[in-house]
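Enquirer: Each chain, letter by letter, is given below.
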Amino acid sequence: MLRIDVRLFGAFRKYSNGSEVTFEVPHGTTVSAVRKHLGDALRRGAAAFADQPLLDASVLADDNEILDDAQLLGCGVDRISLAILPPVCGG
Amino acid sequence: MLRIDVRLFGAFRKYSNGSEVTFEVPHGTTVSAVRKHLGDALRRGAAAFADQPLLDASVLADDNEILDDAQLLGCGVDRISLAILPPVCGG
Amino acid sequence: MTVLARVVSEPIRAELVAAELSSPQYGAQLVFWGLVRDENEGKRVHAVSYDVHPALAEKTFREIAEEALERYGRQLHVVVIHRAGRLAVGEVSVVVGVASGHRDEAYQASRYVIEQLKTRSPIWKQEHYADGDSEWLLGHSLRGEAQGHATAASEKP
Amino acid sequence: MTVLARVVSEPIRAELVAAELSSPQYGAQLVFWGLVRDENEGKRVHAVSYDVHPALAEKTFREIAEEALERYGRQLHVVVIHRAGRLAVGEVSVVVGVASGHRDEAYQASRYVIEQLKTRSPIWKQEHYADGDSEWLLGHSLRGEAQGHATAASEKP
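Chains A, B, C and D supply the protein sequences, listed in that same order. Going by my numbering, the letters in the first sequence line up with residues 1 to 91, in that order. Going by my numbering, the letters in the second sequence line up with residues 1 to 91, in that order. Going by my numbering, the letters in the third sequence line up with residues 1 to 157, in that order. Going by my numbering, the letters in the fourth sequence line up with residues 1 to 157, in that order.
With the rest of the complex left out, here is chain A (with noise of 0.2 Å):
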């Protein structure tokens, strides 16, 4: 299994611990498939997650890109770390 940390930002603090979650998926998931398990993980959290349209209108990035829906993840690699970035508002 490949154990996933997404740092969590904007309104995405409001849910779990305000600063990450963690969970496990199976090697090769799609990115699109990782964010269905980040709403679970999230729905399962302290301060659970209600907001399915926040996500759907999120992207998971790792810290160089945003990350395509249809992109693989964990290839040689047993824990990667991702972010999961809410609709933007800087300036």
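No wet-lab data here; the hints were simulated from the structure. Bear in mind that the values here come from a model prediction, so they are computed numbers and not experimental data. Glycine is no exception: its CB is placed at the ideal position from the N, C-alpha and C atoms. Among the hints, a few may not be true.
What the hints assert, rightly or not - Using 25 Å as the maximum straight-line C-alpha spacing, the simulated PhoX-like pairs for lysine-lysine come out as follows:
hint	chain 1	residue 1	chain 2	residue 2
1	D	43	D	118
2	B	14	D	118
3	B	36	B	14
4	D	118	D	59
5	A	14	C	43
6	C	59	C	118
7	B	36	D	43
8	C	118	A	14
9	A	14	A	36
10	C	118	C	43
What the hints assert, rightly or not - Just so you have them, the derived chain D footprint on chain C, three or more residues with Cβ under 8 Å:
hint	stretch
11	9 to 18
12	28 to 36
13	106 to 118
Fit chains B, C and D to the known structure of chain A by using the hints.
Expert: Just chains B, C and D now, with coordinates in the frame of chain A:
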């Protein structure tokens, strides 16, 4: 007669004493005629003026506004102070 | 061409921006300052917290600045600095500085950078109101932004 | 709305401009700095002398700023400061600062003011070259500008 002091700016500072030129015109002279008198006065100057196109592209102003060519000058006064403004390039 | 892209947690100093932009070959500097306002949509704002993904945000700033150089002139100098953390009313949240030989490209590049920054940078804004309430503001979804600047780069000026 | 219009013979200080523009209701400040470049049309420039008709120039700045408020929003705050006298390369010749609630009107007003200033203000520029020569630059004739802002005000955005 009306005595007119014309302050020189920009490229006109090459002429006369670099600061102003003074001449007399009849009361009620138009701005457009004053421009001609100014040309004559400048041509009589120490550093003689020979740049009629510059004068043609310039306007006369008082301390408040640019004067219209048709305007009459000197009603009720014996001396006025004007400025000759060549084409501008601030900024 | 040069680009400075930073996320900072300390106040942004005007002297630093000025020093970064100055050079004898530049006749124009245009500096946009975004500041925390005391009001938004009828609510009294006391402070704003900016949540930032620093690595991705700086990468996004650099990409946007590079696009501006590509569009408006490779001799431009662009500085982009964004604050992270909690800011009081009147504090500077973002600076976009452009230095160039002439003013036209400075205005165009400056506007391009700030508009793109607002819709593409991984930055989130939480307003703290006078009544004690707080709220994360709605924003622009990054879906469709995979592979970085694909969307923006394909739309020509 | 407020307008500050000045001709000054001392260096323009950035802190003064920043202080003048800051206010809790403004979310955006856009500051344009015009600087003396070391080169113009292939000639090495050592310094520039600005000759200014101060009273008329300040009046023109105020008229232009008022037009910008009329066009882009009466809540805008506009600062226009121009140097007079001899400036070395790198010195600031002109500052146009605009503070506003939002950025769009700041960009539009800023651009309007600097463009109008360059073609309507009674200011003249003499360049001093590395070879010792000096030259008054050609400019925009004010003929047709009688009654102040007549020309510019009739041309709508």
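Enquirer: Does each hint hold? Answer for all of them.
Expert: The hints, checked one at a time:
no.	hint	result
1	43(D) with 118(D)	holds (21 Å)
2	14(B) with 118(D)	holds (23 Å)
3	36(B) with 14(B)	holds (18 Å)
4	118(D) with 59(D)	holds (14 Å)
5	14(A) with 43(C)	holds (21 Å)
6	59(C) with 118(C)	holds (14 Å)
7	36(B) with 43(D)	violated (35 Å)
8	118(C) with 14(A)	holds (23 Å)
9	14(A) with 36(A)	holds (18 Å)
10	118(C) with 43(C)	holds (21 Å)
11	9 to 18	holds (count 3)
12	28 to 36	holds (count 9)
13	106 to 118	holds (count 5)
In summary, the structure is inconsistent with hint 7 from the numbered list given earlier, while agreeing with all the others.
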